[in-house]
Amino acid sequence: MKKDQSSSKLNSLLEKGWLGKRLMILAVFCIFGLHGHVFAQETKTITGTVTSSEGETLPGVNVFEKGTTNGTVTDFDGKFSLQVSDDATLVVSFIGFTTQEILVDGKSNFDVILQADMTDLDEVVVVGYGIQKKSDVTGAISTVKPEELVKRDVASVDQALQGQMAGVTVTQGSGTPGESPNITIRGLGSLNNTSPLYVVDGMMLDDIAHINAKDIESLQVLKDASASAIYGSRGANGVIIVTTKKGQAGQGKVMFSGYYGIQNFGHTPELTNASEWAMLNNEARLAAGMEPNFSNPASLGEGTDWLGAITNENAPIQSYDLSFSGGTEKSTYFISGSYFNQEGVINKSDYDRLSVRINSEHRVKEWLTVGENVTVTTSNQSTILEGDEWNNLLITPLNMEPTTPIFNEDGTYGVSGNQVNNPVAAIDNTFNNRESFRVLGNLYADIALMKGLVFKTNLGANMAFNEDNSYNPIYFVSITDQNEINSLSKGHDRETSLSWTNTLNYNTKFGADHDFAATVGTDYYDQTFEWDGLSVTDFPTDEEDYRIIDNSRNKNEAVSYGALFESRQISYLGRVNYAYKGRYLLTANFRADGSSKFGSKEKWGYFPSFSAGWRIIEEDFMDGVEFVSNLKLRAGWGQIGNQGAIFNYVQSTLASTGLNYVLGYPKSVVNGTAFQGVGNDEIKWETVETTNIGLDFGLLRGKLSGSFEYYIKDTRDMILDPPVPGQTGVELPPWQNTGAMKNTGIELALNWQDKVGIVEYSIGGNITTINNEVISLGTEGNVISNGDFRSAGFVNRTVVGRPISNFYGLVAEGLFQNQAEIDAYYANAGGAPSNVAPGDIRYRDADGDGEADYDFIGSPIADFTYAINGSLSVKGIDFSFLLNGVQGIDVYNGPDYYQLNSMAYWNTSKEMLNRWTGEGSTNNPRHPRLNASDSHNTRISSRYVEDASFLRIQNVQIGYTLPSSVVEKIKLESLRVYVSGQNLHTFTEYTGYDPEVGGYGTEIGLDRATYPTPRTITFGINLSF
Amino acid sequence: MKKFNILTLTMAFLVMLGSCSEDLLDTPAPSISDVSFFTDDQAAFDVLVGAYDPMSRYNYSQIHEWMIGDIISDDAEKGGEGPGDWAECQDLKEFRANSENSILVGRWQEPYVGINRANKLIAGIQDNPNISAGVQKRYIAEAKFLRAWYHFHLVKVFGGVPIVTSVLQPSEFQNPRNSVAEVYAQIEADLRDAAKDLPTKPDLTAEEVGRITKGAAEAMLIKMYIFQEKWQDAATLSQSFIDTYDWYFLEPDFEKIFTTAGEHGSESIFEIMHLGVASNTGWGDDNEGNVTSIYQGSRQIYNAKGEIKSGWGWGFNLPTQNLFDEFEEGDSRRSATLIDDGDVLWEGTDDEEIICTQHVNSIGYSQKVYHSKKYYIPPSERLGMSDASNNWRAIRYADVLLWNAEANAHISGGDWQFGVNAVRGRESVDLGPTPYSDGLEAVYHERRVEFAMESHRYWDLVRTGRGNLMPGYSDNKRYLPIPQIEISLNPNLEPNPY
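In order, the protein sequence lines correspond to chains A and B.
The first sequence runs contiguously to residue 1025 in the working numbering.
The second sequence runs contiguously to residue 498 in the working numbering.
Worth flagging that the hints you see were computed from the coordinates, not collected in a lab.
For glycine and all other residues, C-beta sits at the position ideal for the given N, C-alpha and C.
A few of these clues could be false.
Pairs of lysine-lysine, BS3-like flavour, derived with a Cα cap of 25 Å [claimed, not checked]:
#, chain 1, residue 1, chain 2, residue 2
1, A, Lys79, A, Lys44
2, A, Lys107, A, Lys79
3, A, Lys667, B, Lys256
4, A, Lys145, A, Lys44
5, A, Lys365, A, Lys490
6, A, Lys145, A, Lys79
7, B, Lys309, A, Lys667
8, A, Lys755, A, Lys875
9, A, Lys667, B, Lys214
Some, not all, of what chain B presents toward chain A, calculated at C-beta under 8 Å [to be verified]:
#, residue
10, Leu24
11, Asp34
12, Tyr52
13, Gly160
14, Pro162
15, Thr165
16, Asp203
17, Met273
18, Ala278
19, Trp283
20, Asp285
21, Ile354
22, Gly467
23, Leu469
24, Met470
Start from the sequences, fold in the hints, and give me the full structure.
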């Protein structure tokens, strides 16, 4: 039996193809391995001393032969001795100092003087439309090292950004394979669009989910206006600039990396089993004077584990990347391909993606360089129903009674007594997928016009095609869960954006002390977005192969839709940088944007910014201060726009069709048209004004480095559609620039790195606080309600003077312990309602009028978010971890409506075993008495608001890099194997699936049971030759 | 070489500037704006249909009508999964609603959507040379009927509301409430105007069935008189209606009125039209199906073996024993209105269904409850849940007969017996003369049983001063609270003393 299972597992793995792929890769290794040959080499012993430029001897310095693991460490007196070959190159490295390479060239004694390390400061940072030395940067810019991004074995780059940078909040709302997280930079600056702008190789994009992390050369985040104002009306939510890898001159290089892993649920809500639930259900019915349903609950045992029944245990995740790069002084190339596949932890959800990237760059003339980047990505995502609170496949398995079997004895699906759809049947009848095809490319040319003056032109294109397919077969589970007419829905959307950017960069130096750089440019951007779709019904068969429109018997009555949006933008931009003696730095940015989305009276927006930096470390008075290696103070101010918050065509009052009515005998649906909205020809971008103060520092020879930022971010002209009085009959209130919001916060990032003996380690962390306050919502008294749950009212309420989207409802203070308490409570309301009895919730009633008070009952905006990371390496072994956490955040636990329901109608939380059973038994409003006719305890109240602070072990990785001596034998350059864990554990009090709930717009922190992020263990390999 | 560089530089700048023509910033919307819409009669028709549309919206006319008309009254209990299901409705039932009750928001806003659409139509076609004169006349009459209809749906729920007879300008957004009398006066004026220019029911072509007729406008006008207790006006107009419009007469078979075959029958004066289509079974305003049937359907049925199975429905709006008891013994309208446990529907056909009311009778009501039959549809007519195709019977000829009787009962020497006994004498009912000797008692009884579960009861009670038949009712509860959100947006709206 066991054997059968394992062989069938093997078969299914072979079918899935992954094993085949692994075998192929293994074969590739073997072929390269056999190819190896060995050089004969002569060796000799060399000795030396390592000192600092100040003359102190340096103990613990790494000295090794380049390209090998042959090496040693200097002793207490800074001396070393090593056996090397004659033609070897020595590499001398020490934390806080610049690494030196020295040719042995026959010599046998070396006096090495290491210079204090300035590399960190001389790093180059990509800023908008150019690059800058990191030491000259005056705005708030965070950088992630690409090696940190590839460490995380996740589907996409955006997920890998979690916890990497202060001020960058990444929330993985749904963990459905292929789903992108929500990224915000420095809080929520808008009630509408809060997504940052992505710029990939100069092309402005709305997301980077399709970019392969291993293709990334650098990733910068421009956080404040002084950095991002050069992106004008699209920069307000911050800008993430990605530069992809290019080939390097030199020998061709082949790199391969791959991993395979398994995923499982991290946490699932704890539910009662069949006998416990039956007991609770009986109790609830008895309390309501009804007959109990179960004569002997204890005999029912565990019952059905509904979540287990749709779980894909040990769901595989795998990724393989192969790249080829190299080139000459004149031409370089980089070619890569990658395949990613992830199955969901719930059946019928999965994602796979194939992407190819090509880059080459050619120096055609001394003064002319041309190049291109092309990325082609295709993906396929299958999803299950989530996001609603009725038939969501994360909710129905919690709600379904454990006493119902998955299948009846006759093979039909088990039917809930409470109209919950059988989750197994629902999964069986789910056929949703989304196929995407995307091409992103750019062509560029650099023309050196004269010394210091470069003209650059960049033509970019982004084309995305998506197709959604959804098929609903004929099935019968029960009279309320059946489908008698099969149907197919197809949707297509197409996005084409083109950009053409021209810049002139000029760099010069006046005398020894004055550095000057200027950039001017133009930018043209054109985006077309078109979608259409149709659905047809009545297929002769549900066979998978027949799901095409032409097989529908009803195709002439297809329901169809389609829309087109086009927008264009013309921009002029400029920047001036000035540095005096490398000490005093000034930057000014300017951009003018004309956009077709703006009303005709507001066609152009102007966005200036100024910032200054003072590199205190360069001052004479810092000369003697040994323990400080870097100190820079920065300050900036600027205005940026958020154009993304404007929908297209809001300037006009447009006719909507499809507002139909039925007429005729026989009847038919007749088209109706209405003008539902009101246009606003004065619409313009939202303006965000930011002030930023930052301090960068390096202490103890750079062992401790960090930066601190304080910012104020004022949003005004915020685009809102404040409701107009109902008596106007206006269905879609006009969009207006009328709101205001303020975000302030501090960000602190610290990093310590050092070496003890052969152990190199680092530990770092970052913390971000965000204080969000709504300053104005246009109309006075305007309240924005969102987060409708079970049509019972709204959970989120946005009002002036509070953070966006606080929870609003009754305050559940405790439980009525006896009738006297109830009578006293309702004394001024003419007596207690008949449906309240001891054990029911006591909602706060401050004024004692017998009517419960509504109030704000929680905030889904965190007090602070933080991350801690560390790494350690000893010889070839490396270890790293990343923890990230959110503190002071609330989540409204939607599913608890069901699982804490007094009716015990749906399966209940284990917590309900602690329900109120008599005076004094409990006063916890989460656990009122059971009562099958309850209507009192389910109001939107603080009962469902939980502290969702968490600390998550986001990533732990242990790797081993094989010694070169071994690797060289198989003719490889490097070979590393590792084990990595994602989302290993979450420390939280939250009882739902996952405390990381997220949200969009003004619905935030309402948990409708979204797909949780799985716990993942992967095994991987990186090699190059 | 230098010369070449300067040339290149100049060219580069020219390229940069040339790329930026301002004309590029004009991307006209691919939809038509209101400025240029009313170009021909067809465009006017589209907007006319758009003005009918809100009548059939599910949150407004479909659910709210019976939620207030039946559930709040003594005819029904709320039902559903249990008391906690749709708790805000239960609050209304218990007269404990507050102004935050989200049901009221839709009830306030949606009729105004209809009013605005009607006003936009009038503004767009009146004296518009692109629209033919006949079309102008008829469509404006229909728009006025609709405007009156929507205002009535506001005034009967909230009392005096702001009257809106034009597309409001921002300066008019915060107009205060008009009095109840002013609202009715406006409604009457609109209905009178409409009646003049509307075709009669026999005038309608097959394609036009469902459009508003002269008869509908006059019947509405009678209803307005009744609501205002203008007994003489009501008596006169209803009498001329009865005498003149001989194409209206009672459907002999009471039960048939509510079947598909009974739609637009001889008794039908106005119906709100619904049609489910297989290709659009979703929820939302683009679905023209009726949701009343799924809401009111039984949660449970019995199979042939007597086992309880899931039924097609959510079990809302449950008629009470109190209503059951109102029917005289032998009144066949009772079995056409109420469904009891074990009742077999569509017996002997493929649609046969045995209804189970055990669940709804186990959720804690103090009296026995039934299911409502008038909008129950047979399995063969069920599509998706939101796609029932049965029309809402808004005004029946029996209404006119009983209004005539009610008005006459208030007029000394008026012949109230005619209307009452006509309804009782319907072929399938055939009850003989009313046992009541008091005219009003006779009318009240007859209206209750004739129109049970057709969403009239609440208003019949409150307009006749019998609200105290509903536990928790007091006169200040006749009109429901004005939604708080509306008061915030328009502080000139005075709250109701609920």
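Each hint, compared with the structure:
For the given pair, lysine 79 of chain A sits about 17 Å from lysine 44 of chain A by alpha-carbon distance, which is consistent with the 25 Å threshold. Proposed proximity of lysine 107 of chain A and lysine 79 of chain A is supported: the alpha carbons are some 16 Å apart, at most 25 Å. Taking the CA atoms of lysine 667 of chain A and lysine 256 of chain B, the gap is near 18 Å; set against the 25 Å cutoff, the hint holds. With a CA separation close to 38 Å, the supplied pair lysine 145 of chain A and lysine 44 of chain A exceeds the 25 Å bound.
For the given pair, lysine 365 of chain A sits about 51 Å from lysine 490 of chain A by alpha-carbon distance, which is inconsistent with the 25 Å threshold. This hinted pair does not check out: lysine 145 of chain A and lysine 79 of chain A have alpha carbons roughly 33 Å apart, beyond 25 Å. About 33 Å separates the Cα atoms of lysine 309 of chain B and lysine 667 of chain A, which puts this hinted pair outside 25 Å; it is violated. Restraint check: the Cα-Cα separation between lysine 755 of chain A and lysine 875 of chain A comes to about 12 Å, which is no more than 25 Å; the hinted pair holds.
Taking the CA atoms of lysine 667 of chain A and lysine 214 of chain B, the gap is about 21 Å. The hint holds against a cut of 25 Å. Because the closest C-beta pair between leucine 24 of chain B and chain A is about 5 Å apart, less than 8 Å, the hint holds. For the restraint placing aspartate 34 of chain B at the interface with chain A, the shortest Cβ-Cβ distance is roughly 4 Å, inside the 8 Å limit, so the hint holds. At about 4 Å, the closest approach between the beta carbon of tyrosine 52 of chain B and any beta carbon in chain A falls short of 8 Å, and the interface hint on this residue holds.
Taking 8 Å as the C-beta cut-off, the interface hint given for glycine 160 of chain B is violated, the closest approach to chain A being about 12 Å. With 8 Å as the threshold, the beta carbon of proline 162 of chain B comes within range of chain A, its nearest partner Cβ sitting at about 5 Å, so the hint holds. Interface restraint check for threonine 165 of chain B: the shortest CB-CB distance to chain A comes to about 12 Å, outside 8 Å, so the restraint is violated. The criterion of a C-beta within 8 Å of any C-beta in chain A is not met by aspartate 203 of chain B, whose closest approach is roughly 14 Å, and the hint is violated.
Among the interface hints, the one on methionine 273 of chain B holds; its C-beta lies about 4 Å from the nearest C-beta in chain A, closer than the 8 Å criterion. Look at alanine 278 of chain B: its Cβ gets to within about 5 Å of chain A, closer than 8 Å, so that hint holds up. Taking 8 Å as the C-beta contact cut-off toward chain A, the hint placing tryptophan 283 of chain B at the interface is violated, the least distance being around 11 Å. This hint holds: aspartate 285 of chain B has a C-beta 7 Å from the nearest C-beta of chain A, less than the 8 Å allowed.
Violation of the interface hint for isoleucine 354 of chain B is found here, the shortest Cβ-Cβ separation to chain A being roughly 12 Å, above the 8 Å cut-off. The criterion of a C-beta within 8 Å of any C-beta in chain A is not met by glycine 467 of chain B, whose closest approach is roughly 17 Å, and the hint is violated. Because the smallest distance between the Cβ of leucine 469 of chain B and any Cβ of chain A comes to about 18 Å, over 8 Å, the interface hint for this residue is violated. A hinted interface residue such as methionine 470 of chain B counts as satisfied when its beta carbon comes closer than 8 Å to some beta carbon of chain A; here the least separation is about 15 Å, so the hint is violated.
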